[in-house]
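Those protein sequence lines, which keep their order, are chains A and B. The working numbering puts the first residue of the first sequence at 1, with every later residue one more than the last. The working numbering puts the first residue of the second sequence at 1, with every later residue one more than the last.
Read the hints as simulated data drawn from the structure, not as lab findings. Small disclaimer: the values here were computed from a predicted structure and weren't measured. Quick reminder that beta carbons are idealized off the backbone N, C-alpha and C, glycines included. Just to be clear, a hint being listed does not mean it is correct.
[Stated by the list, open to error] Covered stretches of chain A, going by a simulated chain B footprint (3 or more residues, C-beta under 8 Å):
1) 3-12
2) 137-151
3) 156-162
[Said to hold, decoys possible] Going by beta-carbon spacing under 8 Å, a handful of chain B positions derived as facing chain A:
4) C85
5) P86
6) Q223
7) P254
8) P624
9) N638
10) I641
11) A643
12) L645
13) L647
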Amino acid sequence: MARYGMVIDTRKCVGCMDCVVACKTENQVPEGFNRDWIAYDTTGTFPTTRLEIRTERCNHCDQPPCVTCCPTGASHVEDPGRVVLVAHDECIGCKACLASCPYNARFVHPDGYADKCTFCIHRVKEGLDPACVSVCPTHCMAFGDFDDPNSEVSRLIASRRHHALLPAAGTGPRIWYLD
Amino acid sequence: MHTVSRRRFLQISSATVGLAETGAAAGHLAGQAAAAGEAERGVRKVPTFCDICFWKCGAIAHVKDGKLWKIEGNPEDPLCRGRLCPRGTGGVGAHFDPDRLRTPLVRRQKRGQEVWTAVTWDEALNVVAEKMNAIKAKYGPEAVALFSHGIGGTFLKHTLKAFGSPNTAAPSFAQCRGPRDVGFALTFGEEVGSPERTDIRNSRCLVLIGSHLGENMHNTQAQEFAEAVGAGASIIVVDPRFSVAASKAKHYLPIRPGTDLALLLAWINVIVAEGLYDKDYVAAHGFGFEAFAAEVLPFTPEWAYPETGIEPGVIRETAREMARYRPATLIHPGRHATWYGDDAQRSRAIALLNALMGSWGRKGGFWSPASMDVPGYPYPAYPVPAKGKVDNPGRKYPFATEAITTGIRHATLTGEPYPIKGWMVYATNLIHAMPNEAETIEAIKALDLLVVVDVIPSEIAGWADVVLPETTYLERYDELNVEVFREPFVALRQPVVLAPHDQKPNWWIARKLAEKLGLGAYYPWQTIEEYLEHRLKRAGMSLAQLREKGIVRGARRPVFYEEGLAPEFPTPSGKIEFYSAQLRDSGFDAVPKYKRPAAPPEGSFRLLFGRSPVHSFSRTQSNPILHEMMAENEVWVNASIAARLGLASGSVVRLRNQDGVRSDPVKVKATERIRPDCVYMVHGFGHTSRHLTRAFRKGASDAQLITRYETDPLMGGTGMNVNFVSIEAEA
């Protein structure tokens, strides 16, 4: 069984937001909401400043609290890829999942359902990369199957030091950032 | 005080011209379904090229059920290699922008009041032609000048030449890349050009001086920058601000603003003194090296230290780092180079440093551009203007290679060397693009006619007598892009969707205006398709071919000396001019010399400005998608300084410059990413045009604060980083 995830090279990312724009147009994300975003981590004192730029989104966790807490089963894990999705017509917009997500990855769509990154599963099923990955001008993002040791994402995390976000939350995030 | 009589408003006529005419102009693709009277179903993909900036990336627009959906990069395009930048991806928003100009407008009240009457194209163009002819009768055709930016200005330039005026200028020269191109041409005999002929992807050591690639999102440049970073190239970044590029650097040099030339001379000094330069290359191609070497002798790292604040050890170490990787060491020439008024000489120093590395013409340095041979349309000969160009009388700026916008403005204000009475402005917001807004507005007041052709109601449109709404690039054919790049290609812009209102493409406007001026003979073609087909046929291609693919690539040729390209330096000596006799003969330094810039007065900060990856100039802030990515700018203030001033990130301040000009309120970004002696803003915000409803008064305008500028004596560029501001907390 496939287990989809992403590896993002923070050395290459320039924070241009093309991933955010591409998600918006691909998925017709309504004005005022985004399924992905850019985070800047600035540390140190000028001029010995350090800056990590990251493109962030739903981590499609291995143990997704948003799925566990959903009272209707709208939030669910789906194959291929064990991707965390929301069945719009089963969602009652109760926001339990919004509160449970350590990554703040969800919002309530104006049409009343919880919404977030889908890993562009509609594209993935057609053999395409998610929109954010396919558009990135710096080629800093890779998408693939962590259960396949020969996939690009598996090879990338084997090759470089990497970290996930908020590992202490214990949700098993599937987006890894190369240092 | 606000009273009803002072309220500005836009009166739009309810009677608009029918869509049918626009559709006919927009072309067959978009019109098909509409013509058949059926709703379009499914996904249609149309290759074209982008116009959100001037980079002209190949794009594939997707239309779903008749509605523009998304835009992706064209994999066939050598510029974007299938991946657009965020602005290109967000180009969808340009089509849907509710603020865009909809119909021709004729001014009703005082200039700048933004009150117009909506008129038909016929009426609008009659007014323009009538006034142009009146100016011609009284002052001669030269008295009408055109300011134009981007490929879309081609046809208006043609109409103006046919009218008899030689005066066409773009801010891209005297307000942007001019000094760089002049500095390189004085050294190598050739300009850097656009797209820059930099081989970033193969460079093993890349030096960026104030150039913030990644924030400055010129697609090919940013892509290759990431590629070089990924390949482990040694990156050296010189910037008063810890830019995104600086965060990728092995060496970050937080230079004192305005002292770049001192650093460059010190690097050159080390490389010459330690014999680290490419001796064979210099011996084979260099002119005047001995005299040059003697002149740079005093400029040691110890000399440069108190100027730049960069320690001598760091200067030596980075100089040696560059030499280690030569010739694949690229000291990037930058693009926006109008900083301090010594810019052509600073750019020449960058060129000289590259010459020492032997990187010009070499892999990892600079390629030699190639283009396909696509003959121009055989137009009738233009009338010979009775007067020369107005912008640079007596060749005051002897090394200017293009027209100087501020020179045209000066002539408009003074009537010298001859009067300018009409401005046509195409796709450039002069109020934000030229320094000293007050001077621009004074010049406008001296005009008999100001015509603005644009997509959005920019500030300059607010001052216009006649506003002509252009279709976006997604709704029109345009001039062919016969690109000059490391591999040659030709690209087509074609309509994807219909213009939503009564907008017209630039070629239609230019052609119709020519007709009204009695210059119809200059447009032997009836439709743009006919024009494009004619040009393409003569180059062995067809319009059908370009419509299908968007791009036709030519054969690759050698672009590096390593590939067999013969070195050629079209300078007076025929060699790389380490010592420039032509500069000496014109009374300038034959080898660049450093002059210390003025220090900020106590309590003031040097105002620096730059780019965001999600906006182009002041042209995209109302694009709903790009607006959402970045709605306002911030003023970057060093964290310690901010703390001392009692400010934190999010505090609202106004900036007051040395001439008492106060900015609109703007939020502070208190950060460890900038020196304490300067502040920084992203350019293009603080719109004062109230018809840009989303962008109106969001953030502050750096342009407003740039009341002073230092003119480059070589080429007339306007150095704009010479303004100082104090910070006033907003209650």
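Problem - Given hint Q223 of chain B near chain A, where the shortest CB pair must fall under 8 Å - result: Holds. Min distance 5 Å.
Practice task
Count the residues of the stretch 3-12 of chain A whose CB lies closer than 8 Å to any CB of chain B, then report whether that count reaches three.
Solution key: Contact hint for the stretch 3-12 of chain A vs chain B: holds, 3 residues under 8 Å.
Practice task
Grab the minimum C-beta distance from P86 of chain B to chain A and call the hint holds if it beats 8 Å, violated otherwise.
Solution key: Where the cut-off is 8 Å and the nearest Cβ of chain A is about 4 Å from P86 of chain B, the hint holds.
Practice task
Using Cβ atoms only, decide whether I641 of chain B comes closer than 8 Å to chain A, and label the hint accordingly.
Solution key: The hint is violated - I641 of chain B has no Cβ within 8 Å of chain A, the shortest such distance being about 10 Å.
Exercise for the section: May I ask you to test the interface hint for L645 of chain B with respect to chain A, counting a Cβ-Cβ separation under 8 Å as satisfied? Expected result: 16 Å, violated
Exercise for the section: For the hint on P624 of chain B, just tell me whether its beta-carbon gets within less than 8 Å of chain A. Expected result: 7 Å, holds
Problem - Status of the hint placing L647 of chain B at chain A (closest C-beta pair under 8 Å) - result: 16 Å, violated
Handout entry: Proposed interface contact between C85 of chain B and chain A, which counts if any beta carbon pair is under 8 Å
Key = For C85 of chain B, the interface hint holds, since the closest Cβ of chain A sits about 6 Å away, which is under 8 Å.
Practice task
May I ask you to test the interface hint for A643 of chain B with respect to chain A, counting a Cβ-Cβ separation under 8 Å as satisfied?
Solution key: With Cβ-Cβ at 12 Å, over 8 Å, it is violated.
Exercise for the section: With a C-beta cutoff of 8 Å, work out whether three or more residues of the stretch 137-151 of chain A approach chain B closely enough for the coverage to hold. Expected result: holds (count 4)
Problem - chain B over the stretch 156-162 of chain A, status - at least 3 residues with CB closer than 8 Å - result: violated (count 0)
Problem - Restraint satisfaction for N638 of chain B [CB to CB of chain A, less than 8 Å] - result: Hint holds; N638 of chain B Cβ to chain A Cβ min 6 Å, cut 8 Å.
Violation of the numbered hints given earlier is confined to hints 3, 10, 11, 12, 13; the remaining hints are satisfied by the structure.
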